[in-house]
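Listed below, chain by chain, are the residues.
There are 2 protein chains.
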Amino acid sequence: VGADRTATASLTDLGLALWRAAGAAGGRWEQTVAVEELRALEGSLGVLGAEAARGMAGAPAPPVAPPGPRPAGIDADALLAFLDRDHRALRDEVRHALGHAALTIPPGLSVDEYRARVLTAVRHLAGRGWGRLGYPEAYGGAADPAAAVAVFETLAFGDLSVVVKFGVQFGLFGGSVHQLGTERHHAAYLPSIGSLELPGCYAMTETSHGSNVRDLETTATYDADTDELEVHTPSEGAGKDYIGNAALHGRMATVFARLRVGDRDHGVHAVLVPLRDAGGGSLPGVRIEDRGLKLGLNGVDNGRIWFDRVRVPRANLLDRFGTIDERGAYRSPISSSGRRFFTMLRTLVAGRVSIAAASVSAAKVGLTIAVRYADDRRQFGPKNAPETPILDYPVVQRALMPRLATTYGLHFAARALQRDYAASGSTDDPELEVTAAGLKAYASDHCVETLQACREACGGQGYMAAMRFAALKADTDVFTTFEGANDVLYQLVAKGLLSRYRDQMGDLNLWRALQYLGERAETRLTGLNPVTTRRTDRDHLLDEGFHAATFAYREARLLRSAAARIRARLQDGVDSFVAVTEVQDHLVTLARAHIEHVVLLRMHDAVAAAPTPALSEHLRTLAALFALSRVEADRAWFLESGYVEAGKSRAIRVLVGALSTEAREVARPLVDAFGVPAELLPAVVGGAGA
Amino acid sequence: VGADRTATASLTDLGLALWRAAGAAGGRWEQTVAVEELRALEGSLGVLGAEAARGMAGAPAPPVAPPGPRPAGIDADALLAFLDRDHRALRDEVRHALGHAALTIPPGLSVDEYRARVLTAVRHLAGRGWGRLGYPEAYGGAADPAAAVAVFETLAFGDLSVVVKFGVQFGLFGGSVHQLGTERHHAAYLPSIGSLELPGCYAMTETSHGSNVRDLETTATYDADTDELEVHTPSEGAGKDYIGNAALHGRMATVFARLRVGDRDHGVHAVLVPLRDAGGGSLPGVRIEDRGLKLGLNGVDNGRIWFDRVRVPRANLLDRFGTIDERGAYRSPISSSGRRFFTMLRTLVAGRVSIAAASVSAAKVGLTIAVRYADDRRQFGPKNAPETPILDYPVVQRALMPRLATTYGLHFAARALQRDYAASGSTDDPELEVTAAGLKAYASDHCVETLQACREACGGQGYMAAMRFAALKADTDVFTTFEGANDVLYQLVAKGLLSRYRDQMGDLNLWRALQYLGERAETRLTGLNPVTTRRTDRDHLLDEGFHAATFAYREARLLRSAAARIRARLQDGVDSFVAVTEVQDHLVTLARAHIEHVVLLRMHDAVAAAPTPALSEHLRTLAALFALSRVEADRAWFLESGYVEAGKSRAIRVLVGALSTEAREVARPLVDAFGVPAELLPAVVGGAGA
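First to last, the sequence lines map onto chains A and B.
Under the numbering used here, the first residue of the first sequence is numbered -10, with each subsequent residue one higher.
Under the numbering used here, the first residue of the second sequence is numbered -10, with each subsequent residue one higher.
One or more hints might be untrue.
Treat identical chains as interchangeable: a pair holds within one or across any two.
[As the list claims (entries may be wrong)] Once the Cα atoms are required to be at most 20 angstroms apart in a straight line, the calculated DMTMM-like pairs of lysine to aspartate or glutamate come out as: (1) 372 x 571; (2) 372 x 206; (3) 484 x 278; (4) 484 x 206; (5) 372 x 254; (6) 484 x 571; (7) 372 x 561; (8) 372 x 204; (9) 484 x 417; (10) 484 x 661; (11) 484 x 315; (12) 372 x 172.
These are computed hints drawn from the structure, not numbers from a lab.
Only a predicted model underlies this, so the values are computations on that prediction, with no experimental measurement involved.
If we strip away everything but chain A, and leave its shape as in the complex, we get (with noise of 0.2 angstroms):
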């Protein structure tokens, strides 16, 4: 993308020109839309100018090269150090404390002593004052919200019980006292959550009412006659649902329920209630059923919680967003009901961060076995030959590989979005929230992937629990469930994208004049240029250019035609529900287009930002292969747009096994720089593990 594209020179050049002249300078969002609609204006032209000349000429298209000389190998100390540069100290201190006996927990327990180990190994990690990273200092805290997903991040490497267990305490939990009340709150809990002396529950689910947060049931109600609201669950399916800490060890939760003072509903708000006396036994009112065996995560506590008319004091709403004066009126500092709720709902992209950290974390662990094992063992091979190490085996390397490199991918851009969610503070961040909930969905989902992908390429070895695959595959199956369950999280993606197009195409008539324009020269260019969609050298395909301009032009037109298929069902008089729900299929498939564009645009500025050129030059390798390997996958769209033709789709098919098989030539350090303690690792790969 540069110099050579004179042919397009006048449409960018009028698309920037135009720009300007609005004068619009607004916010991240637009620069962000403009910046992608020239991207796929680029994608389109991109490959005219010198290129176009060779290709009108008749020239048959190159074959893919063989690959260069091959980069110097991975120094994976200071891969991982280039990995871990935010908060690197802290993420040493957590991996060395992974080693703990506190924290080292057998496979095997039954769910009472495993509930029990992890509460421990949760009051140690409390101990060494990790819990309150994110808390304020006056109460204990370091202020410091990134350190608080580091530490979740790193203790991913390890059981994942105690890391959601860690998260439900002093995330969800403490983060809702903390991000949902007033300075009272924090004063009166942030010192006893951060510790784990009152252990807590983030008490939103409601059995009927999974992902729909919006319509649940539980009701507070303000009586002025005591000063009081009274919490009550008025069906036996509102009852709060799967709430971790709930059926064990939890005394206090953080309760999402209707306000409601005098005759008006006010909407989704947050109150603390007691469960339990300090002996552990519920309080009047209170009903608490264990929620018993699950898939996995079996060392967390869930339960059910319903309330029978339990009162707590005025004081106990969380009140931020939404107080009630002592005369008893409500007064929110922000009017819009639905603009209230979501901005309570933000609390959740904490967890929703953290969570993707935490899949990076587990995939990265799944891939160390799993290449460490298929490096070591050796099946079939020539005659008269040693077998061949089962990563030789194309099918083993695409099945690996291209994962590997994905997971690369989601690490550069799960800790971008740390960096951006610490740099919010509390400040509304629309794009946080889109890729947050985008990065949290695409990231558990390549997880659950990625393990099963693992343990297959480990045989029958794979299935043995001390491999660590039969946990790590149970426990993080759930990931694509809370925290918002992926679908629901791709269309809420999709309707952000949507919104911002939406927003530009009323308020900037430039835009139409610039999509229009960028139309016209796709449909004009795509049907005259035979050169864009039949390039096959390997220097092409491998083009960091081509690879942004392939994404941003398929992300914007998925959203164009998703746009426009929404108001055309519009247009014919169809309810906003139906249209949108019409058209699911492609909200998922742009939600996902746009994170694997985010995806690709970290591990581009990780190329850049790489302390070495060596480093530089294996990162440029695995997000090529990143980039190629999605587009294989996606060829089909590609090739229905007219975006490739056959000849070019083959050829990224041929280039991502070529690929792969040079990842694997460096597979071992590139998962040695993860740096999973040995003590996590099965010994059977290297590892001191059992």
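Start from chain A and add chain B according to the hints.
Just chain B now, with coordinates in the frame of chain A:
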């Protein structure tokens, strides 16, 4: 596929004429290839004729039309009767038995308790005589191998540790004695194996040799002085591994070892070796290690076994395919050691037939639970209206309905395989072996993916152990590995197809002529006839003939190109192992295409055999959904190969969505017809279970 293909008549006729002229009626294999080649030809020629005229005249391809009148609702009982028409009464008996206390094992037991319960369950099944159904009548059996598989398949609705332990004892251990032994072995052991008085093992896999059985290291050396065999494990890695029944209950094992007589190594043979005394202690020279906790199937006691010069009488050699006579001389009815090896491995066919069946059963259970849940569960909805059942959402329909259709397809294919398996007796049938290997791999992959999709469709509820996905997922996970790792089996399938192809190419000149004609015709027509690739009307897209031709075309083309790639590398002088390894991906793709073709044809058989027009119509819809969803999944390949154009590919995508919505209307009776007993379904979806 029929009368209106006037333009192609001359070519097809020519092929048939050549075929008849060669007079080489030959076996089933050749006929199959002939038919497939012709179908492939028809695939590329198939839309000429009447359609061609219309298309050539420039009429635009019509869009997918709306569905016709909906067929009547489904009578689930009638459909169940049709699905279970083989061994109906026996299957009903087993279904009833699954509610028996001995067979209903709760989740969450310790490994020790679980193993004990599973042993009790298998003893209960032995008591009913179900373990020996495949054995000769003289030893209490029914000489009915299909009945044995029917029991196994139906039991797989329940606890899968019970099923696997049942299979190890009666199928693998008993089956090896039955298939590899002779009359005296049958008389001596089959009665006590069938009654479970003699629990045993099938000790084939070694730690260092999982899939590569041919290179296993354990030896059985004949000592002429004592007329004994000395069974020995020469190295730690040559220990028998993952052996079911070994850790606790097995008292004898069929041990696969290299047979040495004098100076000669006669390759892998099977020897019966006692492991434990009546008190359960290991016999001298036998070392057993408990494999401990596994990802799933923890009711089965897997272990490792090492032998230190253990001596057994010569009579313990299972000597149907290779014996040592009284004078100490080795004799075999099969002169080629390679062919002898594969003949002995044929005992694995029964295992693969059984695992394919069990995979289908587990997928049925998962779909039954998920469809019922998604049909009842409501989340979100239009304003001022009840929430929408999640099965009404396109993403949920997309996740479940094509998999439901595929499960129907695999049901019919697995049942046809069972019939062929029973009919084959012990005769050599390479086609059966290829289909068994391929269906085992395809069905177990399908099972894993389907259970994941089902679990995710049930959200947080799906994560509860009571919903059964925890056990279903964990227990079936190893189906992709045991009885042959799926990647290895796919290559076995592809190699089977390739050798059949090569034999014909070598033997029959007519094939060269036919192939040449076919290739020329294909090229010419793809170049000339845009109608072939563009037709998008519903009648065409739903036409069984179009589906069959499409699947045949894909398989034949993948086969030809794989053969050409390997031949080219061999001509370059590359080692055959390397040449085949290089095209591994291609071979896996070919094998899956072949299996999908087989499944489609069996679905078409079922459409034809259905007892009522209404059922036939519903099965036709499922067959179309299976066919089109597979074409959709592989549409990049069809686009790359020019078989469909972008518009047709998009039309297929739209139609898969529409068919998924149609299937959703009858999804409940479709899963009810699987006949999963109510006792095995969770209460939350209307079952009588936990």
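- prompt: Given a CA cutoff of 20 angstroms, do residue 484 and residue 315 count as a within-copy pair, a between-copy pair, both, or neither?
  reply: neither (40 angstroms within a copy, 82 angstroms between copies)
message: Cα distance capped at 20 angstroms. Does residue 484 pair with residue 571 within a copy, between copies, both, or neither?
response: For residue 484 and residue 571, only the intra-copy Cα distance (14 angstroms) is at most 20 angstroms; the inter-copy one is 44 angstroms.
Homo-oligomer pair classification [residue 278, residue 484; C-alpha up to 20 angstroms]: neither (37 angstroms within a copy, 56 angstroms between copies)
- prompt: Taking 20 angstroms as the upper bound on the Cα-Cα distance, should residue 372 and residue 254 be classified as within, between, both, or neither?
  reply: Intra 78 angstroms, inter 17 angstroms, cutoff 20 angstroms: inter-copy only.
message: If the cut is 20 angstroms between Cα atoms, do residue 372 and residue 172 qualify within a copy, between copies, both or neither?
response: Answer is neither; intra-copy 75 angstroms and inter-copy 38 angstroms both fail.
- prompt: What label fits residue 484 with residue 417 when the C-alpha limit is 20 angstroms: within, between, both, or neither?
  reply: within (17 angstroms within a copy, 60 angstroms between copies)
task: Please work out whether the CA atoms of residue 372 and residue 204 approach to 20 angstroms or closer within one copy, between two copies, in both situations, or in neither?
output: This pair counts as between: shortest inter-copy Cα distance 11 angstroms, intra-copy 67 angstroms.
field: residue 372 and residue 561: within-copy, between-copy, both or neither at 20 angstroms Cα
entry: between (69 angstroms within a copy, 18 angstroms between copies)
Intra- versus inter-subunit Cα pairing at 20 angstroms for residue 372 with residue 206: Only across copies: residue 372 and residue 206 sit 16 angstroms apart there, 70 angstroms inside one copy, limit 20 angstroms.
- request: Evaluate residue 484 and residue 661 at a C-alpha cut-off of 20 angstroms and name the case that applies: within, between, both or neither.
  value: neither (39 angstroms within a copy, 37 angstroms between copies)
field: Alpha-carbon proximity between residue 372 and residue 571, which holds within one copy, between copies, both or neither at 20 angstroms
entry: between (57 angstroms within a copy, 16 angstroms between copies)
- request: Give the relationship of residue 484 and residue 206 under a CA distance limit of 20 angstroms: within one copy only, between copies only, both, or neither.
  value: Neither: 25 angstroms inside a chain and 61 angstroms across chains, both beyond 20 angstroms.
Comparing the model with each earlier hint shows violations of hints 3, 4, 10, 11, 12; every other hint is respected.
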